[in-house]
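Colleague: What follows is the residue order along each chain.
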Amino acid sequence: MKRIYTALFVLSLAATNVMADDYIIDKKGMHASINFKISHLGFSWLRGRFNDFDGHFSYDKAQPENAKIEVTIKTSSIDSNHAKRDKHLRGQDFLNTDKYPEAKFISHSFVQEKDGSGILKGDFTLRGVTKPILIEVKYIGEGKDPWGGYRIGFEGTAKIALADYGIVYDLGSTAKELELFFEIEGIRQTKQ
Amino acid sequence: MWFFDSHKRYGIITIFLHWIMAFLIIGLFVLGAYMVTLTYYNPWYNRALWWHDSLGMVVFGLLMIRLAWILNNTRPAPLKTYKKIEIKAAKYAHILFYILLLIICISGYLISTAKGASIEVFNGFNIPSMITLQEIQADMVGNIHERASYLLLVLFVVHVIAALKHHFLDKDITFVRMLNPNILIKSKEKTK
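Just so you know, the sequences run in chain order A and B.
In terms of the working numbering, the first sequence has 164 at position 164, counting the first letter as 1, and numbering is strictly consecutive.
Whatever position you read off the second sequence (first residue = 1), add 192 for the working numbering.
You may find that some hints are simply not true.
[Claimed, not checked] Restricting the straight-line Cα-Cα distance to at most 20 Å, the calculated cross-link-like pairs of lysine to aspartate or glutamate (DMTMM-like) are:
1) B:Lys357 to B:Glu278
2) A:Lys87 to B:Glu278
3) A:Lys99 to B:Asp331
4) A:Lys87 to B:Glu312
5) A:Lys37 to A:Glu183
6) A:Lys87 to B:Asp331
7) A:Lys84 to B:Glu312
8) A:Lys121 to A:Glu70
9) A:Lys74 to A:Glu102
Keep in mind that the hints were calculated from the coordinates and are not lab data.
Produce the complete structure using the sequences and hints provided.
Modeller: Dropping the structure here:
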């Protein structure tokens with residue numbers, strides 16, 4: 001009998017581990033965005049975004065430390081609303097999108113506070129270079145949507161140094177770092 | 193009338209278009225090759241592009257006028273001294289000139305207007321964007337623009353060598369008739 005209880009206990013543990021809900025980022029409805037901001041000569045902020053990306057994550061409110069996320073960005077989809085600048089950004093001075101068509105973030109750990117904010121750590125790969133980064137995450141909300149699905153949303157911000165990823169084109173001393181903004185809404189996947 | 197082209201001469205309009213376009217195109221080539229080497233902090237970083245765009249659109253306009261002009265004028269007859277192969281080579285070289293110039297003008301226009309922005313021509317007026325491109329297409333168009341320009345350079349060198357050959361070796365009026373509408377093809381040289 002004791003053995004059966006032990007077995008059940010182990011099973012239940014395993015069960016809770018797979019209980020975390022899986023979400024895919026709502027790319028179809030575009031309730032997600034990846035934006036960036038970089039200083040222009042120290043006078044103003046230039047904002048741009050990546051139009052094409054995809055990803056999925058798992059999250060369970062009861063065990064946020066088990067949360068995982070993976071996001072892939074198509075680098076050539078960079079868009080700063082200026083054709084010639086975007087062409088330059090896709091070129092070898094910057095993203096070199098022919099050679100490195102994808103950027104990727106894979107999380108390693110997540111620590112969430114009671115207020116919903118948290119720190120997500122993981123590896124960010126850009127231009128073939130992988131470095132650990134830290135994303136400050138804020139939980140926004142979750143619940144049933146009007147169309148029969150279940151959604152959850154977060155926002156995240158991160159800072160990266162361009163030189164870390166081999167981008168050394170001189171944009172001035174104020175533009176060594178770039179800030180990334182993630183708006184992520186996930187649609188829960190029905191369990192098999 | 194020395195205004196129009198005829199069997200015996202290039203008219204003043206053709207001569208004017210030939211030389212003004214020759215200088216503009218040489219200038220644009222040099223400017224183009226130079227401006228892509230400029231870095232962000234060069235004072236000409238933006239200005240060079242502005243000149244290139246403006247002059248390029250002027251050449252585009254002149255090219256349209258020239259094509260219309262050629263199609264509505266009699267071609268001067270080949271000199272009697274020309275070899276058959278020379279006549280053929282010249283014909284295809286000239287056609288290739290126009291094709292390359294069209295490709296370069298159109299692709300140049302498409303680079304600057306790829307994201308819907310218009311091209312400013314000397315603070316005078318704007319040429320609006322008509323076709324917006326995907327990022328991949330915009331990069332392709334840029335490659336076409338560059339490659340066609342280098343092909344044009346090769347053709348230009350051939351053109352100049354041919355002109356010099358006619359002037360100094362053959363000692364005929366091929367070159368000078370493009371300078372002076374009063375130099376007529378003599379009747380005995382008129383046709384084969």
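Colleague: Evaluate each hint against the coordinates.
Modeller: Hint check:
1. B:Lys357 to B:Glu278: This hinted pair holds, its Cα atoms lying about 12 Å apart.
2. A:Lys87 to B:Glu278: Distance of about 42 Å is beyond 20 Å: violated.
3. A:Lys99 to B:Asp331: Distance ~14 Å between lysine 99 of chain A and aspartate 331 of chain B Cα, so the pair holds.
4. A:Lys87 to B:Glu312: Distance of about 19 Å is within 20 Å: holds.
5. A:Lys37 to A:Glu183: 14 Å, holds
6. A:Lys87 to B:Asp331: 6 Å, holds
7. A:Lys84 to B:Glu312: 14 Å, holds
8. A:Lys121 to A:Glu70: 12 Å, holds
9. A:Lys74 to A:Glu102: 5 Å, holds
Checked against the numbered hints given earlier, the structure breaks only hint 2 and satisfies all the rest.
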